Amino acid sequence: MTIAQAAFLTGLSVVVLIILAFAGIVFAAARVSDGGGRLSVLLLRRMVRSPRERAELNRWAFYLHRISGFTIFAFLAMHIVDVSLYSFSHRVYDNVHSLYATPVLRLFECGLVFAVLFHTINGLRLLAVDFADLGIAASTRVLGGVMVLTLTLGALACWFIMRPVF
Amino acid sequence: MSATLEPEAAERATTANARRRLLGYLAVRVTGLLLAVLVIGHLVVTHVVTDVAATDAGFIARRWSSALWLIWDWLMLASALGHAAAGVSVAVDDYARKPVTRRRLHRILVVLVVALFVFGSYVIAKDVYS
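Residue numbers (my numbering), protein chains in the order written: chain R, 1 to 166; chain G, 1001 to 1130.
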């Protein structure tokens, strides 16, 4: 492993730690202000009740939206720097960038794709909520569609990303 | 704080605040719509059409020989950083209780985002003028 590769992996580890810390802050604040950010039996029991009760899912979408957005930003901050290596030395860029093709990084990319897809599609839902003036029941129904689309497109993208490994 | 201001000044401050928030609201949605196209397109090009193992220096050289991709990448850089700055700034307001911490975090955020924008733009400009 070269020094540049070690620096990249260190940077990536820091990014992952920062993302986990941010998610911790979001859920800690949720426990204080919203009466519960933990996935519990009680919550699951509430979810299977009437659609009105399931409107609580909008709150979970908010947490996911915030955490996925922060995840993308934290990665972007590092990605701008690692791509910029191209402009200083093609050899160093190729050396560092070859790590992106390793199985572990490919798994990370799959996670990132899920984050981008959820943040994008849920973001479009939030636009629809404002512009079509959707109520809580309708926006919760659309959230179901957001999840289905995210998981389907995400699985498809993962198939493309992981295929060379097998 | 607004309670200590004169009524007229307080009204001006409220209007300015409302205008700033409206601008922020619009900026997040406009950049968000742009990013929906730019980022998904970026991922399709670097992970589906091309395998990530093939995105070496030659791949960037080929892509950046076209003005479309230079504009695409710079627009993505600018809108992603603007969108992120607005989003993280709201999160800072939500989670940082003390005004001092809040100001400090906002300042760090602005410095980070501006530095990334200037650096990224420099890298793209360097390629254009070389």
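In case anyone wonders, no lab produced these hints; they're calculated from the structure.
Predicted model only: the values in this text are computed from it and were never measured.
Do not rely on the hints blindly, as some may be mistaken.
To be verified - If you want the footprint, here are the derived chain G segments under chain R, 3+ residues with CB under 8 Å: (1) 1010-1016; (2) 1023-1035; (3) 1045-1058; (4) 1099-1112; (5) 1123-1129.
Virtual Cβ for every residue (Gly too), placed ideally from N, Cα, C.
Which earlier hints turn out false for this structure, listed by number in ascending order?
1, 4
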